[in-house]
Amino acid sequence: DQQVKQNSPSLSVQEGRISILNCDYTNSMFDYFLWYKKYPAEGPTFLISISSIKDKNEDGRFTVFLNKSAKHLSLHIVPSQPGDSAVYFCAASAASNYGGSQGNLIFGKGTKLSVKP
Amino acid sequence: DAGITQSPRHKVTETGTPVTLRCHQTENHRYMYWYRQDPGHGLRLIHYSYGVKDTDKGEVSDGYSVSRSKTEDFLLTLESATSSQTSVYFCAIRQVGTDTQYFGPGTRLTVL
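Listed in order, the protein sequences are those of chains C and Y.
So in the numbering used here, spot 8 of the first sequence is number 8, and the numbers just go up one at a time.
So in the numbering used here, spot 81 of the second sequence is number 81, and the numbers just go up one at a time.
Heads up, some of the hints might be wrong.
[Stated by the list, open to error] The calculated label-pair distances, taken between Cβ atoms and stated as ranges, are:
1) Y:T77 - C:K116: 33 to 39 Å
2) C:M29 - Y:Q95: 16 to 22 Å
3) Y:S80 - C:E15: 46 to 52 Å
4) Y:S80 - C:S74: 27 to 33 Å
5) C:P117 - Y:E27: 36 to 42 Å
6) Y:E27 - C:E58: 26 to 32 Å
7) C:N67 - Y:E79: 41 to 47 Å
8) C:S8 - Y:S84: 24 to 30 Å
9) Y:T17 - C:S8: 38 to 44 Å
10) Y:G16 - C:P40: 46 to 52 Å
11) C:M29 - Y:S83: 49 to 55 Å
12) Y:E27 - C:G60: 21 to 27 Å
13) C:P79 - Y:T13: 33 to 39 Å
14) C:R61 - Y:R108: 28 to 34 Å
Don't read these hints as lab results, they were simulated from the structure.
Ideal Cβ positions, reconstructed from N, Cα and C, are used throughout, including at glycine.
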């Protein structure tokens, strides 16, 4: 069973508009969440993270929102640019001692974002 | 740039042959990871290491083994490659004090 779910395989947005990528998780032990961006033929690149003690974290055009009660997080990109076109992965970890795999990341399947000029 | 390199970057091999992929890091990170990425599956953890000679299994470890004889190198071995192991393999390191991982450029492996 998937512990981290990205239910939208793809998303298309017009340049300059907001992109919203969503992620749901099932494991209440997760307390650290990350977003990665991946271009074809490259490794994933860390984008932004959030700890469960916060509900929002911003870094330039990127903002991550965390709703712990709903076990849901989202990544907002404003304004979207054509260079943002990539696959975005959501990931989560349980930083506390959890099953001996402390700090290992669990990834969603990814959402492919296309930003059209 | 977390100073991670992977070799080879591309490899084509035949079913039943052994294959070793290498991950090399230059920043003395304690934790290292091997993932595979497949369409429809995202990134799945194969094995990880939490120090020299200290390794453990991940979600999809069957058919793979690893070794870490020195801090900077983490090797992934397919003892007898199968077509189901055709994939893109990524190595990662974990930044000290956080759970943030940084990835290498990947190795595309094709098993015919």
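*If you check each hint against the structure, which ones fail?*
Numbers 1, 4, 10, 11 and 13, in rising order.
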